[in-house]
Amino acid sequence: MERLTLLENNKYSKNANRFLLLALLSLLAAVFFGTVASFQFMFPRFFELLPFIKSRPLHVSLVVAWIFLAAIAGIYFYLPKILKLPLYSLKLANLHFWLFLSTGILIIGSYLAGKFGGREYWEFPPVLAIPIIISWVIFGFNFFKTISRKKNNWPVYKWMWATGIIFFLLTYLEANLWIFPYFHTNVIREITMQWKSYGALVGSWNMLVYGTGIFVMGQISGNQETAYSKTAFFMYFLGLTNLMFGWAHHIYPVPAASWIRHSAYAISMTELLIFAWIIYNWKKSLSESKKHLHNLSYSFLFASDIWIYINLCLALLISIPAINLFTHGTHITVAHAMGSTIGINTMILFSSVFLMIKTQWPEKLKLKEKLIKKGFYISNISLLVFFLALTGAGAIKGFYTLQNELSFQEIMGKASPLLLVFAIAGLGLMIGIFMIVIPAIIPVYQSFFTIEKMKHQTKPALQAKVLQKSLEVRRAGQAKVPMEN
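Each residue of the sequence shown is one higher than the last, beginning at 62 in this note's numbering.
Don't read these hints as lab results, they were simulated from the structure. One thing to keep in mind: the hints can contain errors.
Stated by the list, open to error - Derived lysine-lysine pairs resembling DSSO-like cross-links, with alpha carbons at most 27 Å apart:
1) Lys75 to Lys427
2) Lys425 to Lys75
3) Lys425 to Lys145
Please work from the sequences and hints to get the whole structure.
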């Protein structure tokens with residue numbers, strides 16, 4: 062196994078921390094634009110400088126960026142630093158970052174300029190899909206060349222990371238098929254392809270996130286058995302099945318056999334149930350001391366476990382056809398999406414973020430631990446209120462829509478008190494996430510100046526060390542030469 066020098070370690074850390082910093086900044090921007098959009102939904106003239114037509118796609122795209130960037134940061138950090146697998150090419154990893162960053166700036170710029178042209182979730186001009194695809198090819202190539210250096214049985218998280226990378230590339234290509242006339246000239250064909258690809262695409266980032274969660278569990282407990290267990294691999298194959306076939310519930314507006322929808326929901330629900338079971342059994346095996354040692358990462362994983370149960374209950378209800386008819390297209394669907402994105406994915410990714418930070422700067426993290434814990438409770442309580450308000454508003458909308466006695470404006474008027482609660486809870490959620498993210502950003506940002514300082518100090522130090530060593534060798538050589546008579 063290759064050993065990493067101090068300088069190599071710093072280079073790998075710098076690369077991973079770039080992605081981590083960009084991920085955290087993306088999350089801050091995402092919750093800000095999301096809060097703005099939630100108030101604009103209630104008060105259309107709120108913050109007219111950035112209308113809803115711009116704030117919503119900014120929010121959605123930045124949330125997606127946060128999920129992928131945080132997962133990528135973890136992979137780039139864990140492979141060389143913890144799994145002792147040096148990256149195949151640090152240059153490719155750096156190229157990946159700059160390509161991701163420049164594309165992100167162009168996407169944000171296009172939204173702010175009012176230049177749209179894509180589809181749901183990818184509302185930027187489709188030409189910007191090209192650098193995204195190239196960046197994922199670079200990432201995938203570097204990842205597979207790196208892990209191929211070690212020939213052994215893969216733990217489940219490596220399989221999940223590999224699957225997530227491959228299937229994101231495939232499903233993202235599929236999501237852009239609408240640009241061809243064969244698809245966009247037929248509304249049924251286009252809707253089917255779009256939502257089929259989006260369902261699988263969500264499955265691809267779930268693979269990256271859940272794989273990261275299982276890795277973090279192993280690091281906290283010091284026990285890698287979970288990552289090799291039959292249950293973990295059963296969950297992996299179930300997740301893979303969900304990724305490939307669980308998209309059917311996204312295409313309810315399109316004619317389809319009911320058994321396709323029901324089987325898709327069953328697959329989705331079972332995946333969440335198994336993952337919750339894994340986390341529950343993992344928690345039971347932890348000693349109190351190990352819980353305390355990594356308490357922030359543990360807390361966020363524990364929160365994700367609770368949100369899995371909450372989201373599972375809602376998902377089971379809306380999987381019933383009679384209830385789905387009542388809830389489809391309402392705020393209940395949004396509540397389900399937010400519960401998954403923030404309650405599950407973001408909490409798991411936070412556990413990874415704080416494991417990375419604790420590994421590098423434990424003292425700095427300890428200074429901000431109380432603030433982060435406050436943010437943890439504020440964000441989760443706010444998210445619960447947010448979730449319940451959306452669910453209630455969706456129930457009101459669904460009920461009165463089926464009654465078909467009131468106009469849309471009258472229905473929304475009845476739901477407006479709960480939507481106001483939703484917007485206020487969103488503000489609380491933003492505050493809580495800011496209290497978590499800003500203390501995490503500070504040591505990551507400061508690390509770049511530390512690395513640059515070390516680079517300038519390392520060269521003279523190495524030169525002095527080499528000179529000292531050469532003098533010692535010369536003296537030793539002179540001592541061995543016999544004196545002339």
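For each hint, the structure was consulted:
1. Lys75 to Lys427: With a Cα-Cα distance of about 21 Å, the restraint between Lys75 and Lys427 holds, given a limit of 27 Å.
2. Lys425 to Lys75: holds, 17 Å
3. Lys425 to Lys145: holds, 25 Å
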